[in-house]
Amino acid sequence: MSNNNKTRSIEVPILARVEGEGALSIQIKGQTIKSLQLKIYEPPRFFEKLLEGRHYDEVLDFVARICGICPVAYQMSAAQAIESCFEVTITPWIREMRRLFYCGEWLESHSLHVHFLAAPDFLGFNSAPEMAKHHPEVLRRGLRLQALGNALVTLLGGGARFILWGHVLVVSIKPQVR
Amino acid sequence: MMQKPRVSVHKFSSCDGCQLALLNGGQALFQLAELVDFVHFAEAGFIDPEAKNIDIAFIEGSVSTPDEERRIKVIREHARFLITIGACATAGGVQALRNAAKHAEWLRRIYPSPEFVASLKTSSAIANHVKVDLEIWGCPVNTQQVLDAIRSLLSGAYPKISRDSVCLECKRQGNVCVVVTKKQPCMGPVTRTGCGAICPSVGRGCYACYGPSENPNTMALGQHFAAQGMSTARIAQQFLHINNQAPIFQQAGMAFKGIPIVKQ
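If you read the sequences in order, they're chains A and B. Each residue of the first sequence is one higher than the last, beginning at 1 in this note's numbering. Each residue of the second sequence is one higher than the last, beginning at 1 in this note's numbering.
Looking at chain A on its own, in the form it has when it is part of the complex:
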């Protein structure tokens, strides 16, 4: 093959359909990747420092804002950290409810990822709305799963993505069915 030693580069300044910001740069010589750089240029937001000096019962409201796609993950980690500071043991009921809360986020976030972000790549479309014209049922399934996850997060989170039953140590409040 004549192209064997030809050097090519692939530059992707903005990665599409990913959660957050990233860029990709690849240098290829012949059939070999010479360099591959993934750049995450998400700006720093300093949560590590801005949490210092805050009351523990504010922490869950702050950490939810680290990521709007997976706030429950940050809230659960912070809740466990704070509980271990106070040497608090949670009841099995709370643990189960938290797991369900977390599962709600997984369902919502993963169904978004699979159907809206990743599937267009596998089926050869640029975006989910474009894919919807040819595979409406795939997207509808995604929407149903996403809605189910959202309903669980809403039920257990008290109405919205960023709220977890009020304060960390008062987690025995029963979620309200609305």
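Since the hints were made in silico from the structure, they are not lab data. Among the hints, erroneous ones may be present.
As the list claims (entries may be wrong) - Computed list of lysine to any residue pairs in SDA-like fashion (alpha-carbon distance at most 25 Å, straight line):
(1) A:K49 to B:A233
(2) A:K49 to B:D16
(3) A:K49 to B:N53
Stated by the list, open to error - Computed spacing ranges between beta-carbons, pair by pair:
(4) B:D148 to A:K133: 23 to 29 Å
(5) A:H134 to B:H224: 54 to 60 Å
(6) B:D37 to A:V12: 20 to 26 Å
(7) B:K182 to A:W106: 29 to 35 Å
Virtual Cβ for every residue (Gly too), placed ideally from N, Cα, C.
Once you've looked at the hints, dock chain B against the given chain A.
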């Protein structure tokens, strides 16, 4: 056939949560994709960050890097109507708490090689850099508010966004007041509605994630918290929270802190 309105959605310093308000719109998002042309919306798969002739540009996130300072000017130049979505774009976001801190030290303490991290000393609202045509507050914004705004603009009307306080929403819902009955430091009296008063509805005080309401009496509320035994330091933190750079919250926070901090 008339050309569809061209819409772009741009991410600045943020958590992605407000874009998710659109991505979580379900069927409404697909209906919207029929009515408009998404020109740039990276998370949904449309890439053209500096596209020209944009009818509506949505901005999520604050300006906190040198490149963001440049980028917002380019977007403004090509957009007819620019809407900020969320606390970061509208008031600088929670990350604006750095504005009153030692930025260089924070960078050094968190990152082993701060020279590789592009970050400005301040995180600021989009309106500090370019003209903003409409602000949609909330952390995160409510999907319905964003869709309503697009619908209004497509019909040639200026979107109506309520600036009532959360208290009014509590009254509409028949909630028992958590300030009166539980002595909670609820920020509802000075916070705009739009969330549906979700926190007081589950018995906890509002923490002002929708920003200031119309004509809020922040000092009176803070003094009420003080009369109930809250320290001035904690009262200051109530205001210096998610919307810490909203001017009226910042003034109240500084007043209760007792330390005037001026930073360019």
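Exercise. Given the hint that K49 (chain A) pairs with A233 (chain B), does the C-alpha gap stay at or below 25 Å?
Worked result: Holds, because 18 Å separates the two Cα atoms, which is no more than 25 Å.
Exercise. Does the Cβ pair K182 (chain B), W106 (chain A) satisfy 29 to 35 Å?
Worked result: Holds, since K182 (chain B) and W106 (chain A) (Cβ atoms, about 33 Å apart) stay within the stated range.
For this session: Mind checking the hinted window 20 to 26 Å against the Cβ distance between D37 (chain B) and V12 (chain A)?
Result: For D37 (chain B) and V12 (chain A) the Cβ distance comes to about 22 Å; the hint holds.
Exercise. Holds or violated: are the alpha carbons of K49 (chain A) and D16 (chain B) at most 25 Å from each other?
Worked result: Holds - the C-alpha atoms of D16 (chain B) and K49 (chain A) are around 21 Å apart, at most 25 Å.
For this session: Evaluate the given range 23 to 29 Å for the C-beta pair formed by D148 (chain B) and K133 (chain A).
Result: About 26 Å separates the Cβ atoms of D148 (chain B) and K133 (chain A), which means 23 to 29 Å holds.
Problem set entry | Pair hint K49 (chain A) and N53 (chain B), alpha-carbon separation not exceeding 25 Å | 41 Å, violated
Exercise. When you take the CB atoms of H134 (chain A) and H224 (chain B), is the distance between them in 54 to 60 Å?
Worked result: Since the Cβ atoms of H134 (chain A) and H224 (chain B) sit about 59 Å apart, the hinted range of 54 to 60 Å holds.
The structure fails hint 3 only (numbered hints given earlier).
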